[in-house]
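Engineer: All chains should be built: construct the whole structure from the sequences, respecting the hints.
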Amino acid sequence: MIGLGIGVNRVKYKRLLESLTNSEAKQKGNFVATAELASRLLCEHLDIDRVTVLSWSKDQNIQFEVARFGQQQAVNRPQHLAEMSTYISELRTHLHIDAADAVVDHRFVELRDQYLLPNNIGSALDVAIRINGHIEGVLSLERIDVAMPWQDSDIHLASHVADQLALTLATNDAYQKDEMLSLFQSAIETSRQITLLVNLHQETIEYANAAHEQITGIARDKIEGRSLRELAFFKQHPQQANEVLAQLCRGEVARSIFPLSNHRGEQIWIKFFASQFMSTRGNHYALVSAEDYTDIKHSQQELEHLAWHCNLTGLHNRTYFKRHLDRMNDGAVVMFNLVGFKRYNDTYGHERGDELLVEIGRRLRHFTEAHFHSDCIAARVGSDEFALLLNNESVAELDANIKKLYQQLSHPVSFGRESVDVRPAIAIVDISSVASTVSPLTCADIALQNAKKKQGMPIQTFTSALFDAFKDDAELERDLNHAIRGRQFELYYQPLKDLQTQRYIGAEALIRWHHPKRGVLYPGSFIDIAEQKGLINTIGAWVLEAACKQLYLWQHHDINLSMHVNVSARQFFGGNLYEQVWDLLTRYPIKHRSLILEITETELMEDIRYATNLCQELADLGVGLAIDDFGTGYSSMRYLKQFPISKLKIDRSFISDLNSSHQSREIVSAIIAMAKALNISLTAEGVENVEQEVFLTQNFCHQAQGFLYSPALREADFSNFIEMAKAAAILH
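With numbering that gives the first Met the number 0, letter number 654 in the sequence shown gets 653, and the count goes up by one each step, no holes.
Don't read these hints as lab results, they were simulated from the structure.
Heads up, simulated SDA-like pairs for lysine to any residue below, C-alpha to C-alpha not over 20 Å straight-line: (1) K451 with I528; (2) K470 with D444; (3) K451 with M604; (4) K234 with F272; (5) K640 with R592; (6) K402 with K453; (7) K532 with F488; (8) K675 with Q641; (9) K675 with F699; (10) K234 with A218.
Label pairs and their computed distance ranges (CB to CB): (11) R322 with E223: 45 to 51 Å; (12) N719 with D345: 44 to 50 Å; (13) R586 with R422: 38 to 44 Å; (14) E544 with R361: 46 to 52 Å.
Ideal Cβ placement from N, Cα and C applies to all residues, glycine included.
Structural biologist: The following block contains the structure:
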């Protein structure tokens, strides 16, 4: 032999075949791995661009790619062999097709447009992989963009490789046939699934594997060769078992899941699948496969419980509640939440908060079992929101039970030595009155917000008036967003008078909204909505900056005043008030302590530690701090001493009664005495007549503000008021 083709010599030829023949993949009959190895070796040792090994289906209808090495191809070979009759006939006759120019070779005509041209194939050599004269696949060698004849040595080598691939397939088939029966038998015997072979003619059990005894506790020799009626399925579920048998006799597939009592009396769940087949002798059998479904069934039941229940309280969850609510056209929804729960949760931690929710859930469950019908659904539908879905409750019964529920929920909760006051707010919605227009849960949310504002027992039944107010608030909320962007706000200023010197020493900045349709709106008509919808921080930041800027302008023009600015609880506890004030004082260098921030007494007490630290930091910046509406909250002198407070503002409710109420005069006198003892400045709000002013002056209250002096004024009017007051003071 002179050569073995281009670039291949006798030694390389021998090494290639030895590498393939002695490979572990071939010895084990691993056809895919052998095909991959053969493809790579041929590409490395012959002057070719791509090698592909294709396998044919047993019915000779489909071919699919097993391995490929070399250049990528744009499209794969056609799968359907029926479309390539000329090509297949040539392979069967000559065992290979060697095309110097594959595109023009008539033997490849069926591959020309679909495969050869798209992949730019020049010459191709396809060799049949045969076993006992039967083609099992094809070994394909291809050159890209090169048309040249194939050497005899190329064809010879490719044929040897194809033979090795055929031997690999034969080895694999032999292994499979030898092992299949024992593998099948071993698999069935070691399987954890029950396998039964049933003779449908005789209704007897021909075979049962070991799993049957492991799962049911009944030995196979107790059922093999015996009637189907001996099975626990027929004994415990005779009607269902007979229906299954009838299905199998009709040639239908049967499947089911059913409970069984095993030999120990425990309930287990069995899932089975059964189908009929016919033996070569014409006998009808059924193959039954069954498994122990107990763990899965329990898991499903547990998942179903988790899907419909709150994992903290054990009550139903919002999804379950809403699913049943959507099906109801009458009845009632009762919803409640815990006032101040978020603050409690943040202060004492989520673990303590969860303990409180668990106790509330327990109380709710026990109350519903004792007072409501059995079809009542109790659920936790939000963080601290709970709801009841009631049916067949009269109005009188419902009202009485809700009041009892409120009393039950309001009892303090004890954690060791500590006791926590619970403050529920409750909403009631008649489903039939709202179901056709709006979601009952939405109505409950609306009523709940109103319940929290009520004096006394916070229980609110939903009405159309509440809904109209809600829609009005929603419209106002949309307008608020436009107002923030459209500069519709303006600050008005109410003067503060020093009662001892009779001079005006400061101003309180009060926001006004120039609504394009409703005219000038006071804070009381929109601040609560801004608080609820998270807009208060944006509005508060604007007020604070506008006030600082105006104060700076006044002081720049030698108008020596202080500026009082109200700060909401959300703004105060929002986390960035200090940075905001620091930035404003940097941009507007106002006099020390001339900016005074006001926060209500109740809000200040919500988080004593945080409030104390923040107040001290603000005081260090040179900002004065005032407690607004003093006397209406629950602060004590001990807490007042902790805060670096520079001023108290007596709530207007005490001032308005000074002329007629001895009690109000005593309270105001006590507040004045306390402020003097703490060396804190004092301002009386809402002074409207001279008698009130005289009482305050005689009792040494420091400052006052109210309509007696002036309402809140626009900046230009306020400046004129101050100038006129100065001129009047000079004349006197």
